[in-house]
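Chemist: Sequence:
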Amino acid sequence: MLLLQNVSYQHPNKELLFSNINLAVNNHEKIALVGNNGTGKSTLLRMIAGELAPAGGTITNDSKPYYIPQHFGQFNDLTIAQALRIEDKLTALHQVLKGDVSEANLELLHDDWTIEERCATALQQWNLENLDLSQQMNTLSGGQKTKVFLAGISIHQPQIVLMDEPTNHLDAASRELLYRFIQEATMRLIVVSHDRTLLNLLPVVCELHYDGITVYGGNYQFYREQKLIENNALNEDVKAKERALRKAKETERASLERQQKLNARGKKKQEKAGVPTIFMNTLRNNAEKSTAKLKDAHTGKIDGLSSELSELRKELPGVDQMRLTFDDASLHKGKVLITAEKINFQYSDQPLWTRPLSFEIRSGERLALKGGNGSGKTTLIKIILDELQPTTGHIYRALTGAVYIDQDYSLIDNDITVYQQLQRFNTSALQEHELKIYLSRFLFSKEAWDKPCAVLSGGEKMRLVLCCLVVSNKAPGMIVLDEPTNNLDVQNIEILTAAIRSYQGTLVVVSHDKVFLEETGVTGEMILDEIRGSELN
7 MLLLQNVSYQ HPNKELLFSN INLAVNNHEK IALVGNNGTG KSTLLRMIAG
57 ELAPAGGTIT NDSKPYYIPQ HFGQFNDLTI AQALRIEDKL TALHQVLKGD
107 VSEANLELLH DDWTIEERCA TALQQWNLEN LDLSQQMNTL SGGQKTKVFL
157 AGISIHQPQI VLMDEPTNHL DAASRELLYR FIQEATMRLI VVSHDRTLLN
207 LLPVVCELHY DGITVYGGNY QFYREQKLIE NNALNEDVKA KERALRKAKE
257 TERASLERQQ KLNARGKKKQ EKAGVPTIFM NTLRNNAEKS TAKLKDAHTG
307 KIDGLSSELS ELRKELPGVD QMRLTFDDAS LHKGKVLITA EKINFQYSDQ
357 PLWTRPLSFE IRSGERLALK GGNGSGKTTL IKIILDELQP TTGHIYRALT
407 GAVYIDQDYS LIDNDITVYQ QLQRFNTSAL QEHELKIYLS RFLFSKEAWD
457 KPCAVLSGGE KMRLVLCCLV VSNKAPGMIV LDEPTNNLDV QNIEILTAAI
507 RSYQGTLVVV SHDKVFLEET GVTGEMILDE IRGSELN
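Every letter in the sequence shown is one number past the one before it in our numbering, and letter 256, counting from 1, is 262.
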């Protein structure tokens with residue numbers, strides 16, 4: 007069993023990331039670990055893997071976890087065998103087979119005579135049979151690096167596996183292999199992922215907060231349904247608190263008006279009765295004190311309600327606030343935007359596609375551009391956006407105002423601040439306070455307005471891009487999304503999904519996320535196959 011008891015973690019600057027983490031993972035249990043960006047999901051996995059020490063609490067594990075990280079740059083200078091920590095064992099095996107039956111070699115081998123066969127079988131399982139274990143990791147693509155570590159599961163045969171965003175660099179075929187592995191796995195699994203298809207394969211969802219973990223006894227779809235119920239209840243609490251605050255303010259106003267009338271009436275009576283001035287001053291002072299005391303009592307209640315309301319609003323999801331709302335008057339559905347006639351592109355005098363491409367894209371269509379790694383998706387996007395010209399064939403464009411949103415959010419200038427970035431899209435000459443209202447609406451607090459864009463997370467950059475598009479107030483004729491969900495947590499994927507769903511223009515999406523494609527209303531496909539031919543529908 008894996009057992010976490012009252013676990014907490016502090017950053018090196020002593021800032022507390024999370025605390026009071028209690029979790030038990032039993033044999034064969036498969037868990038999805040979810041939570042907003044910055045809550046510490048990757049940190050918690052690294053702690054369970056033994057790479058980080060908790061600031062408090064204990065982590066008890068009956069076996070050593072096998073950890074697949076989100077990033078692999080730290081392995082670039084290693085061979086595949088070194089990255090998988092099997093080089094010494096393989097070397098010992100070869101030495102023994104050559105006759106060097108030393109105690110050191112036998113200890114390293116540890117009676118694991120099938121290590122080489124397991125390596126070959128594991129690499130083949132993930133379609134990596136052409137790789138050599140002595141090959142450098144820096145020669146591999148992101149998807150190949152991920153699959154190397156996935157192959158390591160069969161090689162090491164661990165009892166517990168930790169995966170951090172395992173689908174980030176995988177194409178559709180490789181994702182299907184991973185989904186099948188997840189379904190058939192018998193070891194304990196803890197998976198951090200934004201891939202909702204994968205999350206739905208895991209029977210338990212654990213949501214990480216700064217002050218604990220909430221366990222939901224169902225898959226991701228069940229979790230979403232429960233969160234919807236919770237959010238509806240939270241909205242009702244907010245509305246009730248808003249009503250209570252309005253009533254408190256009305257009561258304060260009525261009480262003060264009534265007190266002022268009583269004071270005025272008393273003053274008139276005293277003046278008519280000829281009360282001496284010195285006594286009148288005393289009565290006036292008493293009346294003012296009484297009014298102030300009454301006001302303080304109401305102010306305390308109002309401040310308390312305001313504070314409670316503010317805390318409740320912080321818990322509300324931001325999805326409904328961030329829609330792509332602009333003037334859609336220029337969008338005419340059905341207009342031909344792109345016509346390609348037998349186009350191809352050459353790299354090193356070799357055509358990219360074995361068969362030239364011919365297709366049309368019409369205004370209002372929502373298309374998924376699909377294909378394996380190396381099939382030319384990015385090249386085709388650049389041709390569509392007039393950033394590249396085809397080497398052969400002809401392309402006609404009647405497209406204006408296209409926006410390209412890639413997984414690195416290159417629309418964002420990392421050298422300027424969040425506010426300055428938004429100002430660049432301020433084509434309507436909005437005032438400063440209006441821009442800051444937009445930033446708040448897209449979940450950028452006052453502290454973030456002057457933050458350099460370079461330090462923003464993927465989710466923050468995505469929200470800033472959406473904010474910029476809304477402030478520009480002009481609907482782009484086409485939005486092209488290139489793996490837009492790769493660096494986002496689930497909350498930010500849902501924000502992006504809702505925003506794109508509300509956009510009425512033309513959409514072209516490169517994504518392996520089936521749920522994202524479905525929920526954004528994609529209905530057509532443009533397929534570039536892995537043998538560099540094409541079929542466009």
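No lab work stands behind these hints, which were simulated from the structure alone.
Since this is a predicted model, take the numbers as computed values, not measurements.
C-beta atoms are modelled at their ideal positions from N, C-alpha and C, and glycine is treated no differently.
A couple of the hints might just be wrong.
[Said to hold, decoys possible] Restraint ranges, calculated between C-beta atoms of paired labels, are given here:
1) Arg403 with Lys255: 56 to 62 Å
2) Ser316 with Glu347: 57 to 63 Å
3) Gln232 with Ala191: 22 to 28 Å
4) Gly370 with Gly224: 46 to 52 Å
5) Thr345 with Ala191: 45 to 51 Å
6) His116 with Leu9: 26 to 32 Å
7) Ile308 with Lys339: 49 to 55 Å
8) His162 with Gly224: 28 to 34 Å
9) Gln130 with Ala178: 45 to 51 Å
Chemist: Against this structure, judge whether each hint is valid.
Modeler: How the hints compare with the structure:
no. : hint                           : in the structure
1   : Arg403 with Lys255: 56 to 62 Å : 57 Å, holds
2   : Ser316 with Glu347: 57 to 63 Å : 59 Å, holds
3   : Gln232 with Ala191: 22 to 28 Å : 25 Å, holds
4   : Gly370 with Gly224: 46 to 52 Å : 37 Å, violated
5   : Thr345 with Ala191: 45 to 51 Å : 48 Å, holds
6   : His116 with Leu9: 26 to 32 Å   : 28 Å, holds
7   : Ile308 with Lys339: 49 to 55 Å : 51 Å, holds
8   : His162 with Gly224: 28 to 34 Å : 30 Å, holds
9   : Gln130 with Ala178: 45 to 51 Å : 20 Å, violated
In this structure, the hints that do not hold are numbers 4, 9, in rising order.
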